[in-house]
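With chain Z held as given, fit chains Y and B onto it using these hints.
Protein chains in written order, with full-length UniProt numbering: chain Z, 1 to 362; chain Y, 1 to 355; chain B, 1 to 306.
Everything labelled a hint here was simulated from the structure, so no lab data went into it. Keep in mind that the hints are not guaranteed to be accurate.
Here are the simulated lysine to any residue pairs, SDA-like style, with alpha carbons at most 20 Å apart [unchecked claim]: (1) Y:Lys329 to Y:Gly348; (2) Y:Lys25 to Y:Asp267; (3) Y:Lys106 to Z:Ala211; (4) Y:Lys102 to Z:Trp58; (5) Y:Lys308 to Y:Ala256; (6) B:Lys117 to Y:Ala225; (7) Y:Lys25 to Y:Pro69; (8) Y:Lys181 to Y:Val162; (9) Y:Lys321 to B:Gly252; (10) Y:Lys119 to Z:Ala211; (11) B:Lys138 to Y:Lys119; (12) B:Lys138 to B:Phe156; (13) Y:Lys105 to Z:Ala211; (14) Y:Lys102 to Z:Lys7; (15) Y:Lys106 to Z:Ile188; (16) Y:Lys306 to Y:Gly348; (17) Y:Lys25 to Y:Ile259; (18) Y:Lys181 to Y:Ser146; (19) Y:Lys260 to Y:Ser146; (20) B:Lys138 to Y:Lys329; (21) Y:Lys27 to Y:Ile259; (22) Y:Lys181 to Y:Lys321; (23) Z:Lys7 to B:His177; (24) Z:Lys7 to B:Lys138; (25) Y:Lys352 to Y:Gly331; (26) Y:Lys102 to Z:Gly320; (27) Y:Lys25 to Z:Gly320; (28) Y:Lys102 to Z:Thr198; (29) Y:Lys352 to B:Lys138; (30) Y:Lys105 to Z:Gln270; (31) Y:Lys105 to Z:Lys7; (32) Z:Lys40 to B:Ile106; (33) Y:Lys106 to Z:Gly196; (34) Y:Lys119 to Y:Ser275; (35) Y:Lys297 to Y:Ala256; (36) Y:Lys27 to Y:Leu266; (37) Z:Lys40 to Z:Ser56.
Small disclaimer: the values here were computed from a predicted structure and weren't measured.
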Amino acid sequence: MRLELQKRPERSALYALLSPFIAIALTVAFGAVLFAFLGKDPVEALYVYFISPLTSTWSLHELAVKAAPLILIGVGLSVCYLSSNWNIGAEGQLVMGAIVGSTLPIVFPDFQSPVVLPLMMIMGMAGGAAYGAIPAFLKTRFGTNEILTSLMLVYVAQLFVDWLVRGPWRNPEGFNFPESRTFHDYAILPEVLASGRTHYGAVFALVAVVALAILLSRTLKGFEIRIAGQAPRAGRFGGFSASRMTFFAFLLSGALAGLAGISEVSGAVQQLRPVVSPGYGFTAIIVAFLGRLNPIGVLFAGLLLGLSYLGGEEAQIVLGLSDKITRVFQGMLLFFVLACDTLILYRIRLVRTRGAVAVAGE
Amino acid sequence: MKSRIMGLALAAVFASVSGAQAADKLKACFVYVGSKTDGGWTQAHDIGRLEVEQALGDKVETQYVENIPEGADAERAIERFARSGCGIVFTTSFGFMDPTIKIAKKYPDVKFEHATGYKTAENVTSYNSRFYEGRYIIGQIAAKMSKTGVAGYIASFPIPEVVQGINAFLLGAQSVNPDFKLKVVWVNSWFDAGKEADAAKALIDQGVDILTQHTDSTAPMQLAAERGIHAFGQASDMIAAGPNTQLTAIVDTWGAYYIKRIEAVLDGTWQTQSSWDGLKDGILTMAAYTNMPDDVKAMAEATEAKIKSGELHPFAGPITKQDGTEWLKAGEVADDGTLLGMNFYVQGVDDKLPQ
Amino acid sequence: MDLAVAIIVTVVTAATPLLIAAIGELVVERSGVLNLGVEGMMVIGAVVAFATAQTTGDPYIGILGGIAAGAFLSLLFAVLTLTLVTNQVATGLALTLLGLGMSGAIGEGYVGIPGIKLQAIEIPLLSDIPFFGDILFKQDIIVYLSFALVAGVTWFLFRTRAGLTLRSVGDSQNSAHTLGIGVIRIRYLAVLFGGACAGLAGAQLSLAYTPQWVENMTAGRGWIALALVVFASWRPLRVIVGAYLFGAVTIGQLHAQALGFGIPSQFLSALPYLATMIVLVIISRDRRLTLVNTPASLGQPFVPDR
Chain Z
1 MRLELQKRPE RSALYALLSP FIAIALTVAF GAVLFAFLGK DPVEALYVYF ISPLTSTWSL
61 HELAVKAAPL ILIGVGLSVC YLSSNWNIGA EGQLVMGAIV GSTLPIVFPD FQSPVVLPLM
121 MIMGMAGGAA YGAIPAFLKT RFGTNEILTS LMLVYVAQLF VDWLVRGPWR NPEGFNFPES
181 RTFHDYAILP EVLASGRTHY GAVFALVAVV ALAILLSRTL KGFEIRIAGQ APRAGRFGGF
241 SASRMTFFAF LLSGALAGLA GISEVSGAVQ QLRPVVSPGY GFTAIIVAFL GRLNPIGVLF
301 AGLLLGLSYL GGEEAQIVLG LSDKITRVFQ GMLLFFVLAC DTLILYRIRL VRTRGAVAVA
361 GE
Chain Y
1 MKSRIMGLAL AAVFASVSGA QAADKLKACF VYVGSKTDGG WTQAHDIGRL EVEQALGDKV
61 ETQYVENIPE GADAERAIER FARSGCGIVF TTSFGFMDPT IKIAKKYPDV KFEHATGYKT
121 AENVTSYNSR FYEGRYIIGQ IAAKMSKTGV AGYIASFPIP EVVQGINAFL LGAQSVNPDF
181 KLKVVWVNSW FDAGKEADAA KALIDQGVDI LTQHTDSTAP MQLAAERGIH AFGQASDMIA
241 AGPNTQLTAI VDTWGAYYIK RIEAVLDGTW QTQSSWDGLK DGILTMAAYT NMPDDVKAMA
301 EATEAKIKSG ELHPFAGPIT KQDGTEWLKA GEVADDGTLL GMNFYVQGVD DKLPQ
Chain B
1 MDLAVAIIVT VVTAATPLLI AAIGELVVER SGVLNLGVEG MMVIGAVVAF ATAQTTGDPY
61 IGILGGIAAG AFLSLLFAVL TLTLVTNQVA TGLALTLLGL GMSGAIGEGY VGIPGIKLQA
121 IEIPLLSDIP FFGDILFKQD IIVYLSFALV AGVTWFLFRT RAGLTLRSVG DSQNSAHTLG
181 IGVIRIRYLA VLFGGACAGL AGAQLSLAYT PQWVENMTAG RGWIALALVV FASWRPLRVI
241 VGAYLFGAVT IGQLHAQALG FGIPSQFLSA LPYLATMIVL VIISRDRRLT LVNTPASLGQ
301 PFVPDR
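Chain Z on its own, in the form it takes in the complex (with noise of 0.2 Å):
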């Protein structure tokens, strides 16, 4: 006996819908085997796991605190990815908009006006934008691959805000700590409901990806970013350039990483910090295929997976659980959501194991 796949027709709309529940079922199974293997109460860790940070308000706010760099950035990799672009290097983009629009209240401290905050998003966007122009420059021009420069500028990104705020923006007040000022508070990103710290960053990430959702599914650009990836020769014979859409793929991303970048800093930290995002942007690609590269799909991975940070804490606290075991946890939801998605485009059998003539024919 073996498995084998079969190419359905075409896509499976129920198994669509179905596959995300069909994995977070596997998962359940498997998690529970793995808790009690631990000694602990299956029942009662997957409740921590996935519902108790739903029933607090609290905890609902964090939830999209800590999901929505992760969709802003995951809806922006995804258009680079659909046109097969393969911008790995959004932790750098996010490092560098966090730089840039920084410079705002570090610098100029003494400039204090309401258009600040608008400038420093714009500008943190920029930032972004620019780091991501970089890949896409030495692709479209020297044709080295993207893979190896937007790794690479991450850590000089990262080595980067490290010397800065070490050396020349080190907070004046603060006793030489790396760290900058603080930000003043026409720099800081609102709350948005009195009730949480949800800052104006999942605004902008919802608004990320209704307009990305409407740019794929409606318009020339969004059929341009699917031919670049699908049929690029196709492409070509239809007259759109390919080094015009890596670097519309590339600054789009590098803009809403840069965005993500800024709103974290301006939102959740409010100063500069050595360490800018605990690896935000390298969550996001998971986030990203998670969603099936679908804007909306997005925003749903986004928040399992934040979901997941946050149990995964509270089952430190409440069960003991290391933090390993979160980790080898998510690994296995993962792996389970990847894997249910094979159902939406192939049927799995069951067959025999062929004669040993055939075998032989092979």
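Just chains Y and B, lined up with the frame of chain Z:
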């Protein structure tokens, strides 16, 4: 039917979770930046937490979260503890300072203690350890033990605490040998065994015959053992990694402090303060002085005793800065404010600080 | 002279894990599969190698343990991406997450225990050659293996029928399938080989580089290995150049610091990344060459129609 059973089960779970919180014990909670088994910084704090459990038994219950990145996640982790009924929350990384202050404002009834920062509030204490006192001692030992007169210093990040350490080490060494030299390599990481080993090799290859580190892995100790030179342990006793190599180690022993502070909460005597304890308070201890002649050992012990009694201050004048200007006149002792924000080298350090 | 030898020996140690992991991934990518989970396989290799060596007291069995662990994790990747045709990029990243988590859980009891260092093997006669003897012939077995791997992979890919088959699978999966080649089977083998190499690279970290186990001890080296494959434009000999260039700049910057040049250490730390990028840009200006070597089916899912 099925969903109802599920619902009941969930309700039961919820009841048991909130039931646990109602117990009449002080909950002491710890937020860790790294993994509690990192063999370095966070592990030292976790050992302190376990000592609290041992010493105070059923008067206290401890909880922790590990691997909390600095930034938005830190604020969430701290608030999670504050709102779940912790009586005192220890936040054990410099980067947790501003989130701690912010959350403390929202939860005035909860006590907070932040490690290695400088901000305090009504209900926020800052605590730190005078690591530099140990550095002065090992500097003296290094100068006695080194044949080349050059030591290597594997440093993490240029923050005041690390700069204090470098200066104290060199001042200690110069008190024995005024011409003693120090080579510094920054690895830009607290914990990267490979990079620390590479830095150790680079330093040894350039002629240093004694190593000290302000990073947390035992890789430099192992390497020193392999190359047959001496080294000093950091944060924990690293004697296992170099039985014939380690001269001594500066061991972080937070437990003493944690017990003191939690007892204060239990007594109702807890007050905000800026506490900067040293060798005399037991917040750091020197591991056994080994692998050295008796006279060096006697010198180290004498220095340790003098620091404990207050007779000797590592930063006592006259001290000249790296650029040749005078920092402290004879008889002057550095004030804590200057030490806390130290961003200059003393004369003799072969390195430049980013300004 | 002695300093030069010492520096080069250090560079060899630093470059070896990168070289081994990259050469494994190169074979994987040549077969048309992109496995971004190198970091995860490497770290699991490191912890299992360490644990095995501690349990058995024999670092050589530890090496085998590391190889097996890396291969096991890559099997998981292969089942998902090849049998269930999941997205390779996402699966690889999830594999990294899983590997880091699992290694932390496995290694909890091994933190802080001094490990057993893999001893150098001096090759008779050759190790007496001045200069080169010290650099090349007084190394541990993993260093020798790394060179054997490069030679073996070069020979296999370009001199054997099986290698030709593997490359054709990577270049044009559909034509290969039409010719009756078992695309999936070959890719399974390639992925397993890649996993085994990543596991070996991990074993080098925990048994030779720094004989101990610490969490996340790979510290991003898996990513660098991935980048080096691209840097080498999928040619095995260039992987050596890349790995040693990266190693040399990494070690060089530490020496520059110890000499006290007074350049901010962050800039020096950024040098290896910048240098790799710049060299790649220079290489890739010859576009024809890059295109010839890039496996055309890289990362594309394959399901045989029956």
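Practice prompt. Starting from Lys7 of chain Z, check that the Cα of His177 of chain B is at most 20 Å away, please.
Written response: Measuring from Cα to Cα gives roughly 16 Å; hence the hint holds.
Discussion item. Can you confirm whether the C-alpha distance between Lys40 of chain Z and Ser56 of chain Z stays at or below 20 Å?
Written reply: The hint is violated at about 24 Å.
Worksheet item: Are Lys105 of chain Y and Gln270 of chain Z close enough, with their CA atoms no more than 20 Å apart?
Response: Since the Cα atoms of Lys105 of chain Y and Gln270 of chain Z sit roughly 16 Å apart, the hinted pair holds (cutoff 20 Å).
Discussion item. Holds or violated: Lys297 of chain Y and Ala256 of chain Y, Cα atoms, limit 20 Å.
Written reply: 26 Å, violated
Discussion item. Lys181 of chain Y and Ser146 of chain Y were given as a pair; does the straight-line alpha-carbon distance stay at or below 20 Å?
Written reply: 11 Å, holds
Worksheet item: Quick one, are Lys25 of chain Y and Gly320 of chain Z close enough, alpha carbons at most 20 Å?
Response: Holds, at about 18 Å.
Fill in: Restraint status (C-alpha distance of Lys106 of chain Y to Ile188 of chain Z at most 20 Å)
Holds, at about 19 Å.
Discussion item. Checking one constraint from the list: CA of Lys27 of chain Y to CA of Leu266 of chain Y, max 20 Å. Satisfied?
Written reply: 10 Å, holds
Worksheet item: Are the Cα positions of Lys352 of chain Y and Gly331 of chain Y separated by 20 Å at most?
Response: 28 Å, violated
Worksheet item: Under the criterion that the straight-line Cα-Cα distance not exceed 20 Å, is the pair Lys25 of chain Y, Asp267 of chain Y satisfied?
Response: 13 Å, holds
Worksheet item: Does Lys329 of chain Y lie within 20 Å of Lys138 of chain B when you go C-alpha to C-alpha?
Response: Outside the cut-off at roughly 54 Å; violated.
Worksheet item: Between Lys27 of chain Y and Ile259 of chain Y, is the straight-line Cα distance small enough, at 20 Å or below?
Response: 13 Å, holds
Against the hints set out earlier in the document, violations occur for numbers 3, 7, 9, 10, 11, 12, 13, 14, 16, 19, 20, 24, 25, 26, 29, 31, 35 and 37.
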